[in-house]
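Using the supplied hints, reconstruct the complex from the two chains, each of which is provided in its own coordinate frame.
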Amino acid sequence: MRKFIMRRLFFSIFVLIGVSLIVFLIIYLAPGDPAQLILGDTATPEQIAQKRAELGLDQPMWKQYLIYIFGVLQGDLGTSLYYNMPCSTIILPMLWNTVILSFSSMLLALLIAIPLGVIAGTRPGSFSDFAATTFSMFGQACSSVWLGLALILIFSVKLGWLPAYGDISLSTLIMPSITLGTPMAALLVRIVRAGMIDTLSEDYILAARAKGEPEFRIVMRYAMKNVMLPVITIVGLNFGAFLGGAVVTEQIFSWNGVGRLMVSSIYSRDYPMVQSCLLLSSFLFVMVTLIVDILYTWVDPRVRLDSGRRKRKIRSMLNNSDVSKQELTVEKGA
Amino acid sequence: MKFTLLLKKMLLSKFFVMGTAGVILITGLCLFYDVLLPFDPTLADYSVMLQNPDWFANGLNGHILGTDALGRDILTRLLKGGTYSLKLAFISVGVAAVIGCILGTFAGYYGKWLDMLIMRIADVQLTIPSLMLAIALVAILGPNEKNLIIVLIISGWAKFARIIRGNVMALRDSEFISASRVLGASDLWIMFKQIFPNVLTPTIIFASQQLGYVILVEASLSYLGLGIQPPNPSWGVMIANGRDYLQTAPWIVLAPGFTLSLAVLSFNFLGDGIRDVLDPKMK
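If you're matching them up, the sequences are chains U and Z in order. For the record, in the first sequence the residue sitting at position 239 is 245 according to our numbering, with numbers rising by one throughout. For the record, in the second sequence the residue sitting at position 63 is 65 according to our numbering, with numbers rising by one throughout.
Because the hints were derived from the structure by calculation, they are not lab data. Here the structure is a predicted model, which is why all the values come from computation and not from measurement. It cannot be assumed that every hint is accurate.
From the derived model, a few chain Z residues whose C-beta atoms are all more than 10 Å from chain U [stated by the list, open to error]:
no. : residue
1   : LYS10
2   : LEU14
3   : ILE26
4   : PHE34
5   : LEU72
6   : VAL97
7   : ILE101
8   : LEU116
9   : PRO131
10  : ILE152
11  : MET171
12  : ARG174
13  : GLU177
14  : ARG183
15  : ILE192
16  : LEU202
Distance ranges between label pairs, derived from CB positions [to be verified]:
no. : chain 1 : residue 1 : chain 2 : residue 2 : range
17  : Z       : VAL97     : U       : LEU35     : 19 to 25 Å
18  : Z       : MET12     : U       : PHE133    : 23 to 29 Å
19  : U       : LEU301    : Z       : MET12     : 38 to 44 Å
20  : Z       : SER180    : U       : LEU43     : 57 to 63 Å
21  : Z       : VAL100    : U       : ALA216    : 50 to 56 Å
Quick reminder that beta carbons are idealized off the backbone N, C-alpha and C, glycines included.
Looking at chain Z on its own, in the form it has when it is part of the complex (with noise of 0.2 Å):
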């Protein structure tokens, strides 16, 4: 019955809806990629460099949003380029969110100087730009995969805890808690067994935006140089590579940014449908 009542809620919300089929779509295509072209993306192929899009023309064999300066298929870097994105801004919002929950849980729960501790931190981390933060910390560490994710992680976790904090702190003394206290439930039990599934909305919902920001934020470090490195493709790194190209190739700089605009589009929306499904008030 709640699952049904659910289903429906969901079904209502067209940003829901929209954002999920965007967000499967661009998935779906981004795993399966190989399948669906017979590209390699990081192969150069000097016979057909800077070639026009041709579409639908060849259907799925020919070269549908063109290629670049080294005549590598668009689409399949595209596409490759974006498993690199979803990868990073799936881990490492997954890691900031559970890295935010316990400590913002923590701070919220015991309060006084634990909070103290973790909150100035956090206040303190906001107040570096998180990109140029993120821009220091790649430089110092190299950039490469591992290293991207530990500092998306890093300029993540505190959003997170300042979240979760306020909505502990409004929690920690209702009468239920209280209640569990009484009856001699241990502080970690009451913490994660009673206030974190009430404080799970809240986090989903962010998550769930925090996504598309991730998104960008990778791209904005890819087109410095200091993301994803070529020759493996990334959007970053794409509309890095097209800029010498604006005037006689347009379409190098142009596929990768309407595809980054419409995925963080997509999960923006997933964010806001998931926000009016779960928690309509916060609306």
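For reference, chain U alone in the conformation it holds in the complex (with noise of 0.2 Å):
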């Protein structure tokens, strides 16, 4: 188990390596000069030559990506433009509410999700799954952009049970938490379904019932261990996706994350930044993945005797289920 979490370490540093070298290409190749757009088109071309030193711009391109990373490395993402302050003390407050919203929003799609599966799944073709199957359909068809005007307009503008907007707290984050959940709930519903239906064909199911134990039991405690796996997986999986749908979410709410952050220095061409953002989410990212793969070994005690097995067994239980590996790798809910 330790070689499995060391393999897994090492890999997730080598990812982290590769995004930094993607994002540090993205802004080095982005077009104008940094230089230019502090100091203002009344420059000279003497002080922004002086700038350009300053900033390091002049070096070769490999040893300003070398500065970039051992900067990173000490906690160092570079001075916004538009704020003129280090990115880490904007960002990291953002960051802290973007992991908020995620948390809340996953809670809430596994909250949704699982008992909606289980029903569906304990009792194929009846009308409970037909209603957990069109949720699940349309649900994964909605889109966050117009989801949270809806609700938006139903909540805050007729009814006024909620508000739009404002600081955090759990009445503000209701209503984002929803925009953001429920493409993934849509999603899981459909895996913890196909999960369900698969475990309870098992021989092992067949044999507790003949022992007569009771069906509650069985689901709950029997079947449940198993359908969680894929879970896990689909949440590790497509919490990229769920950093992506927050920059809209955020924005639609204003949310103060790192999703809006980032499109704000966008607009304000402020690049630091942007390569800040977009460098911390997928550092968040990895850790979770990371995190999803040691929870893995805490639940399924297959993969602490072998590490190999469980991706077979993962793949086989994908291939057999509802739900095809290549769809759980979909980014749904963007």
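Next up, the structure:
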């Protein structure tokens, strides 16, 4: 198990280095001279040259990247052109807000999806199955863009129950979480339902039934554990889509998160900030994936014994289930 | 004989029938909006600002879904916006599929360092949340239709490459490939004449599922002001425009919203339907 975690850790570090390179290249290749941007149109060529030297822009590309990456490792994400402050001081509180929004949406998605999926999966073909499947199909086709506005229209404008925006509190968290969580919940209903149908036809469930175990106990205790495995995988895989969806959701509800910061930084041409937003979001995604993988070893004892078998197990589960592996990696909820 | 069997399967799949009907309906309406409706999608008409939808009270000459703040007919803009969404979706998914197929086939067939190189690039790229990557790229390239297509291709190819590679790897060591090799077939011939037809099915299935997703991404980008630029209509732009009139004229947001969901739903159905028809095992 330690070997497995070490390998995952190594892979995460590799991926993060790759991400930093891509993020660096995007900004490096961006048109427009940052020195010119800072100094404005009135600057003389000498002033610009001096500023360029100050920012290290006269160095060759590989050297600039090394300077950048060593800065990042020491917690220096660069200086924001717009705020004229270190990016990290501005971005970290916003990152926290995004984390709060993401996790509450994820929690909401799980709270909706697991009961619905279990009800649908234990009674395939029934009316409740039909209702859950319909929710799943429509939810996946819903865009945060208009779902958010529709919620504001109903709950803020018409009913006046919830504030459309404001400081972070439980009441301001509800609508953004529904907006961001619905597509995810829709996807998870499908996974839980398919997993339930699959697992309930296994021999060990038959054995439990033959023993006369109550059905509720069979579902919640024996089947649930196996159903949770793909659910955890999906949650991990789609966390990136979540952060992407958060950009739109934060914009709609004026939620001060990384996504909103990124969009406003784009409008103000604050490239170091855009860079930091991309980097930190990817970092968050990698961390969540890593945590999910470690969580896996805890939920599934087979992984602790043999990490290779885990992948085969998931693959075979996915091949037999309603949802193909391809779909699982499709990022829903943009 | 084979065709009639395929047709039978198509008609048997509820998803396929509904999806195809939806896609054909939406595509048809979008393509022929200027024949059906008398209005101009970008021309402001201040005499009819923020009019309520009058459904079919005045036939096709009335403002069926109302007008927006500049007096432009919502339905006309909706259908014109649809042409952008559909065009972007088809082109970008098509090109991303081709690039992903080629790279994925090479990676899966040759393995070793080429596989390492291509798949690690794909891994890294898939780690950056794709909508955020798209936003950053559009911001840097500049928001216009051509760049939007480029960005959607860049953020789409990696998923195709991953899927194709897995399928190719599974086939690479099968007996019929070894037989071809023994008979002296070149690598390229094996890859594209023998392996590719076998991985075409998962590619088509994934591409059709990807169409709905790309439409959603385009709408998100346009909503944020980084996609199709006003006054050109796009579903995302229309939703953004309607934001300020949520209280007085909710139809400005709701009409493109419903259309967007309907379009994505149709494409998702089509994707599931194609899967049912081509590869029932995958279910």
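* **In rising order, the numbers of the hints this structure does not comply with** => Number 9 only.
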